[in-house]
Amino acid sequence: MNKINISFITDDALETLYKNSDEVAEYLMKEKNNSNWLKLIYKGELFEEKKYKIDNISLLTDDNYDNVDFQNSIMIYETLKDLPRYILTDERFWCWFNFTIGYKAALQAMKINSKTTFEDHWLFKQSKRRGIFFNVLARCYFRVAFTIDEDNEDKYCLTRFVIENPERFRHMSWKQYAPEREVMLGALYAERDLVEKYNGICDVDKIKYDGGRRTIYSEVAKKLSLYGSVRLVDAASREEIYNYVYEKMEEMIKENLNKGQK
Amino acid sequence: MQIGNKLFPYPTINNNILRSCFRDTIYEFKYEDKNDGQNYILENAYVDINNEYIKKLMNDGYIGAGLIIECPTTIFRKMFEITLEPQTIKINIGNLRDKVVISCYLYAKRNITNYKDDDFLEDYLGYSFEIEKNDIIAIDDGFTTIIDYDESLDKKVASIFQVIRSNQVETMTIEMKTRKIVISLPEEEFVYYDTLRKNDNFQNIFFTMLAIPALTYCLKEFQDNILSEQYNLDVVEMNYTWFISVKNAYKNQYGIELTEDIFKNLNVSILAQKLLNNGILNGIKDLFNISMRKQYGGEENE
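If you read the sequences in order, they're chains G and E.
No gaps in the numbering here: position 63 of the first sequence is 63 in the working numbering, and each next residue is one more.
No gaps in the numbering here: position 161 of the second sequence is 161 in the working numbering, and each next residue is one more.
Calculated from the structure, these hints are not laboratory results.
For glycine and all other residues, C-beta sits at the position ideal for the given N, C-alpha and C.
A few of these clues could be false.
As the list claims (entries may be wrong) - Pairwise CB distance ranges (calculated): (1) G:N2 - E:E43: 38 to 44 Å; (2) E:M172 - G:G211: 55 to 61 Å; (3) E:E32 - G:K39: 47 to 53 Å; (4) E:L84 - G:D12: 48 to 54 Å; (5) G:E247 - E:K55: 32 to 38 Å; (6) G:N34 - E:S159: 52 to 58 Å; (7) E:E32 - G:N258: 53 to 59 Å; (8) E:K55 - G:G211: 39 to 45 Å.
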């Protein structure tokens with residue numbers, strides 16, 4: 001496969017996108033095939049080439065993006081995984097990626113309705129960390145990076161599980177412990193096993209609290225934070241995290257089942 | 001990771017003695033940190049503690065020490081096991097950017113029954129506690145450092161500048177921002193600059209006209225403030241992350257760290273020229289060559 005150099009959007013161009021986000025959103029709504037119109041928004045140098053090279057991939061497109069979300073996420077991850085982390089968490093890199101290689105897929109993955117959709121899901125408007133997990137294609141990369149289990153024969157089994165319902169991962173991804181591999185994998189395996197165990201008995205994904213504002217997964221993320229309040233969560237093994245989450249989450253499921261029976 | 005003043009249901013040792021539940025126990029994570037451009041290095045990292053009971057629990061495998069390196073910007077977090085003996089820890093610098101928090105905790109590696117010590121504060125003295133696996137025993141919230149990184153040093157010092165178009169200025173203006181030195185030019189001059197800047201022949205000339213005066217101005221500002229004890233070099237580094245590039249370039253060029261003492265006494269105008277490819281002298285040479293080519297024909301006609 002051909003290799004290409006990665007780029008960053010230039011600081012000035014990025015600043016211009018922020019300052020003209022309403023105009024950018026309008027272009028994104030009507031120009032579905034390429035981002036040549038960007039030159040009309042910013043007349044200077046749009047992108048700055050970096051020394052790192054990646055495969056020149058073509059992401060899959062489908063009017064129903066769910067059909068290609070998993071394959072594209074894997075493709076993005078496998079293509080970018082050797083880049084330094086500081087690049088993979090840089091807004092300027094994802095701007096380049098979304099406006100070039102990822103353009104058509106990004107537009108299919110998330111419909112642009114307003115400048116807010118553009119600012120939240122193409123730029124890192126809401127802080128860096130949120131930006132990474134909100135960004136339309138950056139989050140695809142990190143969903144794989146944080147869930148891949150190289151020791152499992154089906155190394156993407158948890159990736160599939162979180163893409164099927166991103167809520168299973170979203171709240172944990174915002175927590176400080178998220179990058180701790182054993183914590184994330186232990187918790188997700190527990191979630192997955194319980195979803196499977198109670199399949200046909202109750203829909204675990206639909207268990208809600210606080211009038212529907214909170215899900216069982218947001219509660220799991222909180223319980224894990226609680227676990228780490230006096231313990232060094234980083235020192236916990238995958239098995240310990242698995243057992244803890246499994247126990248707490250199953251309690252919640254049973255509680256919910258009992259409530260339904262009353 | 002930072003514990004701060006969080007309370008625990010059992011007595012903990014804290015590096016900050018005001019928060020410690022032990023009377024005379026001193027606990028500290030010792031290290032020497034370095035950045036060799038490829039790795040962030042903690043040399044001679046070890047736990048220093050003067051409590052024999054805790055030391056015995058460590059030697060018997062009941063207590064371990066977890067050194068946590070965390071970078072919110074790159075969502076990186078990794079724990080390293082350290083001990084009472086010095087060891088070296090290296091992290092590929094590509095994983096780190098901007099603020100990095102380094103902290104160190106003693107934690108239970110297995111359940112400890114009957115945890116008690118004569119050095120407990122009076123409120124706890126005489127009581128024993130059940131400590132569970134992974135419970136935190138001692139806290140050193142450590143320190144925060146700033147990591148900046150670029151693979152190309154020459155380009156790096158140049159990249160601390162941002163030249164922008166502004167219809168608010170009538171002369172070149174210089175502004176010190178956290179990540180960059182911003183140089184504003186009026187509309188017309190910006191267009192000329194923008195047209196020529198991609199041509200490598202003009203790089204030193206632009207260094208001379210824009211970057212060297214801007215860097216000199218900023219370094220002089222820092223130097224004056226340090227000399228008048230308004231702030232120190234650490235404050236400069238924390239508030240202006242581009243200054244780390246200056247420090248790295250200095251070390252690369254002179255082979256020694258740019259310390260506060262050195263900085264106080266150096267000639268900032270010379271330093272700015274040296275760090276920017278000796279831009280003034282090279283700029284004069286480039287200008288001469290361009291002029292000669294124009295006069296007698298040269299590469300342009302080849």
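So, going through the hints one by one against the coordinates:
| no. | hint | verdict |
| --- | --- | --- |
| 1 | G:N2 - E:E43: 38 to 44 Å | 43 Å, holds |
| 2 | E:M172 - G:G211: 55 to 61 Å | 58 Å, holds |
| 3 | E:E32 - G:K39: 47 to 53 Å | 50 Å, holds |
| 4 | E:L84 - G:D12: 48 to 54 Å | 52 Å, holds |
| 5 | G:E247 - E:K55: 32 to 38 Å | 35 Å, holds |
| 6 | G:N34 - E:S159: 52 to 58 Å | 29 Å, violated |
| 7 | E:E32 - G:N258: 53 to 59 Å | 58 Å, holds |
| 8 | E:K55 - G:G211: 39 to 45 Å | 53 Å, violated |
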